[in-house]
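Fit chain B to the given chain A structure using the hints.
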Amino acid sequence: MSAPTAETQTKLPTGTWKLDPTHSSASFAVKHMVVATFRGQFDQFDATLDVADDGTAQLAGTVDARSIVVKDENLQAHLGSPDFFDIERYPELSFVSNEIRRNGDELVVDGELTIKGNTHPVEARGTITDPHETLGGAIKIGVTLETVIDRTRYGLEWNAPLPKGGFAVADDVKLTIELELAKADGE
Amino acid sequence: MRVLGIAGSLRRDSHNRRLLRAAAALLPPDAEFVELTGLKAIPAFDEDDEASPGPAVEHWREQLAQADALLFATPEYNSSIPGALKNAVDWASRPVGSGALTNKPAAVVGASTGMFGAVWAQAELRKALASAGARVLDRELPVPDADNAFAPDGALADHDQELALGEIVAELVAETRVAIAA
Numbered sequence: 001m002s003a004p005t006a007e008t009q010t011k012l013p014t015g016t017w018k019l020d021p022t023h024s025s026a027s028f029a030v031k032h033m034v035v036a037t038f039r040g041q042f043d044q045f046d047a048t049l050d051v052a053d054d055g056t057a058q059l060a061g062t063v064d065a066r067s068i069v070v071k072d073e074n075l076q077a078h079l080g081s082p083d084f085f086d087i088e089r090y091p092e093l094s095f096v097s098n099e100i101r102r103n104g105d106e107l108v109v110d111g112e113l114t115i116k117g118n119t120h121p122v123e124a125r126g127t128i129t130d131p132h133e134t135l136g137g138a139i140k141i142g143v144t145l146e147t148v149i150d151r152t153r154y155g156l157e158w159n160a161p162l163p164k165g166g167f168a169v170a171d172d173v174k175l176t177i178e179l180e181l182a183k184a185d186g187e
Numbered sequence: 001m002r003v004l005g006i007a008g009s010l011r012r013d014s015h016n017r018r019l020l021r022a023a024a025a026l027l028p029p030d031a032e033f034v035e036l037t038g039l040k041a042i043p044a045f046d047e048d049d050e051a052s053p054g055p056a057v058e059h060w061r062e063q064l065a066q067a068d069a070l071l072f073a074t075p076e077y078n079s080s081i082p083g084a085l086k087n088a089v090d091w092a093s094r095p096v097g098s099g100a101l102t103n104k105p106a107a108v109v110g111a112s113t114g115m116f117g118a119v120w121a122q123a124e125l126r127k128a129l130a131s132a133g134a135r136v137l138d139r140e141l142p143v144p145d146a147d148n149a150f151a152p153d154g155a156l157a158d159h160d161q162e163l164a165l166g167e168i169v170a171e172l173v174a175e176t177r178v179a180i181a182a
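Sequence order for the protein chains is A and B.
The first sequence begins at 1 in my numbering and counts up one residue at a time.
The second sequence begins at 1 in my numbering and counts up one residue at a time.
So here's chain A without its partners, still in its complex pose (with noise of 0.2 Å):
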């Protein structure tokens, strides 16, 4: 008989928890010209955790597909153009939760991920932190999550075929965000 543990958290904090933007990333990484990895981010987002006292809970978020930034402003707008994100008919990436499962600090977040007018089932996997009083006394958590999505699914099928073999960028693009959020006001 093994010796007994220490209860596993697995409520997530109630209320509703919004974006510290300022200290919050939502950011992509591929494999480029196949030995690499190249990412970028996207600067304007936001996402909202409600968490309600019977525990239900869900996470939403969207990020504005025009501030994505990378270091070169050709490619900055080649992934705009209709080739990648076509941001003039599609502004906007969104996500909308509908299951989150906690074990102790691990997260699983199941919801429909939107790119390009495209939405499709993800599972998203990272970590909570618990709630931490910070200056002027916000309550604030942390949430971290990953996934790997196949671009060519949302309608981002641009690639080029390399000469030896191989092809420029990957189909699987890993997505990550990184989400300080305060308790709302009157919480």
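By construction, these hints were calculated from the structure, which means they are not laboratory data.
Virtual Cβ for every residue (Gly too), placed ideally from N, Cα, C.
This list has only true hints and no planted wrong ones.
FRET-style restraints, in silico, Cβ to Cβ:
(1) B:D138 x A:P21: 35 to 43 Å
(2) A:A160 x B:A157: 33 to 41 Å
(3) A:M33 x B:D90: 18 to 26 Å
(4) A:M33 x B:S79: 21 to 29 Å
(5) A:V35 x B:P152: 54 to 62 Å
(6) B:D145 x A:G40: 42 to 50 Å
(7) B:G38 x A:E178: 49 to 57 Å
Relative to chain A, chain B alone:
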């Protein structure tokens, strides 16, 4: 709706200009078709000239700006896009992200006297246009044996090819209506 037809060949009796006119005949009545002028006068792209590119480049950009949709018909030179046409695309791609091709609906067809119908040039032109920010249809129409491809009335002699040309024109028009409504 204004559709600008752009033939990649400069030759007066160009097969691709005939192909453009065959396509123009399939446009709906509310679409106005105009043919590009002045392609030959556009100087070689030079970043040093961007601040004052001259009247030929300005004329090219104005024609693009006034068009709701672009229909390209390109021949194939040495397995690729004719230099004058590629050069014009390069001018129109600037400034990066806000050039005259940005979000412009575009379709590409092509004719050649050989057996491949400029299929590589069409693929490369679609790639260059998309890279420049245009909204390019993922369709092609290779018209081979261009010397014998046209009926006396100017339509494509081959019934299936004429149908395919009509489909491409219809897709371009539909895409353009979405763009205009947005």
